[in-house]
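Asker: Listed below are the residues making up each chain.
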Amino acid sequence: QKEVEQNSGPLSVPEGAIASLNCTYSDRGSQSFFWYRQYSGKSPELIMSIYSNGDKEDGRFTAQLNKASQYVSLLIRDSQPSDSATYLCAVNRGNQAGTALIFGKGTTLSVSS
Amino acid sequence: GAGVSQSPSNKVTEKGKDVELRCDPISGHTALYWYRQSLGQGLEFLIYFQGNSAPDKSGLPSDRFSAERTGGSVSTLTIQRTQQEDSAVYLCASSNRRGQTGELFFGEGSRLTVL
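Sequence lines, in order, name chains R and B. Counting in this note's numbering, the final residue of the first sequence is number 113, and the numbers go up one at a time with none missing. Counting in this note's numbering, the final residue of the second sequence is number 115, and the numbers go up one at a time with none missing.
The shape of chain R in the complex, shown without the other chains (with noise of 0.2 Å):
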């Protein structure tokens, strides 16, 4: 089992509409949860961090975490075509703090106007 799995996607949403990005992690023991977006020939920028079970909310996009499904999310509302890119999530290894973080192989979003 991948430490952090994504489906590549690619995922096509229009403009106006609410992409729904996912993530699953096999590490129990993960304390921090992080949402990374990647513009092609860019490197990442984090666009959130999570770190409670709950939803966290930042402008457009929501991020959800559920721990005992092992389970990250990111909502993007009102998707804009330069939301198209590829979104990563990424998880701490282990239960200490500290630890490396690993990365997902992402999800391709396309925003079509």
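The set of hints was computed from the structure by calculation and includes no laboratory data. Note that the Cβ used here is the ideal one computed from N, Cα and C, for glycine as well. Check before you lean on any hint, since a few could be wrong.
To be verified - For lysine to any residue, the following SDA-like pairs were computed, each having C-alpha atoms within a straight-line distance of at most 20 Å: (1) B/15 / B/87; (2) R/105 / R/48; (3) R/105 / B/41; (4) R/42 / B/115; (5) R/2 / R/66; (6) B/15 / B/113; (7) R/42 / B/39; (8) R/2 / R/67; (9) R/105 / B/40; (10) R/42 / B/5; (11) R/42 / B/103; (12) B/15 / B/115; (13) R/2 / B/111.
Stated by the list, open to error - Examples of chain B residues toward chain R, derived with CB under 7 Å: (14) 43; (15) 65; (16) 108.
Claimed, not checked - Distance windows between CB atoms, simulated: (17) B/52 / R/20: 23 to 33 Å; (18) R/94 / B/83: 28 to 38 Å; (19) B/115 / R/60: 39 to 49 Å; (20) R/80 / B/17: 41 to 51 Å.
Let chain R serve as the given structure and place chain B on it in line with the hints.
Answerer: Relative to the frame of chain R, chain B by itself:
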């Protein structure tokens, strides 16, 4: 500089040669990571340095790969006897969240091509 600096930005080498990739993290950041990204793929974890602790080398794909971090700052990733499958973008990232896995700031990467 203000961000993570990596050099060289591009490196073309012949199979069997050794290469060194350099990363200069953001000043004061205690954590430093190396990742590898092949075309169209996700980020493959290679190695993680945190302060003075022993590095987590669990992601290094073979003993041809090694990395060091001198003085808690600059890091060098060395690939010996390069193979064509080593061709990828090597990304370095640093973080300042002491004791926790925090936000990573990435460099622009070093693109390695092995002919």
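Asker: Evaluate each hint against the coordinates.
Answerer: Verification of the hints:
The suggested pairing of residue 15 of chain B with residue 87 of chain B holds, with an alpha-carbon distance near 10 Å, which does not exceed 20 Å. Restraint check: the Cα-Cα separation between residue 105 of chain R and residue 48 of chain R comes to about 17 Å, which is no more than 20 Å; the hinted pair holds. Distance hint between residue 105 of chain R and residue 41 of chain B is fulfilled; the C-alpha atoms sit about 6 Å from each other, no more than 20 Å. Proposed proximity of residue 42 of chain R and residue 115 of chain B is contradicted: the alpha carbons are some 24 Å apart, above 20 Å.
Restraint check for residue 2 of chain R and residue 66 of chain R: the C-alpha separation of about 18 Å stays at or below 20 Å, so the hint holds. About 9 Å separates the Cα atoms of residue 15 of chain B and residue 113 of chain B, which keeps this hinted pair within 20 Å; it holds. For the hint pairing residue 42 of chain R with residue 39 of chain B, the CA-to-CA distance comes to about 12 Å; that is within 20 Å, so the pair holds. Pair hint residue 2 of chain R plus residue 67 of chain R holds up; C-alpha atoms about 17 Å apart against a cutoff of 20 Å.
Between the alpha carbons of residue 105 of chain R and residue 40 of chain B the distance comes to roughly 9 Å, so the proposed pair stays at or under 20 Å and holds. In summary, the hint linking residue 42 of chain R to residue 5 of chain B is supported, as the alpha carbons are separated by about 14 Å, within the 20 Å threshold. Restraint check: the Cα-Cα separation between residue 42 of chain R and residue 103 of chain B comes to about 17 Å, which is no more than 20 Å; the hinted pair holds. A C-alpha spacing of about 6 Å is found between residue 15 of chain B and residue 115 of chain B, which places the hinted pair at or below 20 Å, so the restraint holds.
This hinted pair does not check out: residue 2 of chain R and residue 111 of chain B have alpha carbons roughly 26 Å apart, beyond 20 Å. For residue 43 of chain B, the shortest C-beta to C-beta distance to chain R is roughly 4 Å, which falls under 7 Å, so the interface hint holds. Annotation: residue 65 of chain B was flagged as interfacial toward chain R, and the flag is violated, the nearest CB pair being 15 Å apart, outside 7 Å. A least Cβ separation of about 6 Å between residue 108 of chain B and chain R falls short of the 7 Å threshold, and the interface hint therefore holds.
Taken as a hint, the range 23 to 33 Å is violated for the pair residue 52 of chain B and residue 20 of chain R, whose Cβ atoms sit roughly 42 Å apart. Residue 94 of chain R and residue 83 of chain B have their C-beta atoms about 30 Å apart, which keeps the hinted 28 to 38 Å range intact. About 44 Å separates the C-beta atoms of residue 115 of chain B and residue 60 of chain R, a value consistent with the hinted range of 39 to 49 Å. Range check, residue 80 of chain R to residue 17 of chain B: about 45 Å between beta-carbon atoms, so the 41 to 51 Å window is met.
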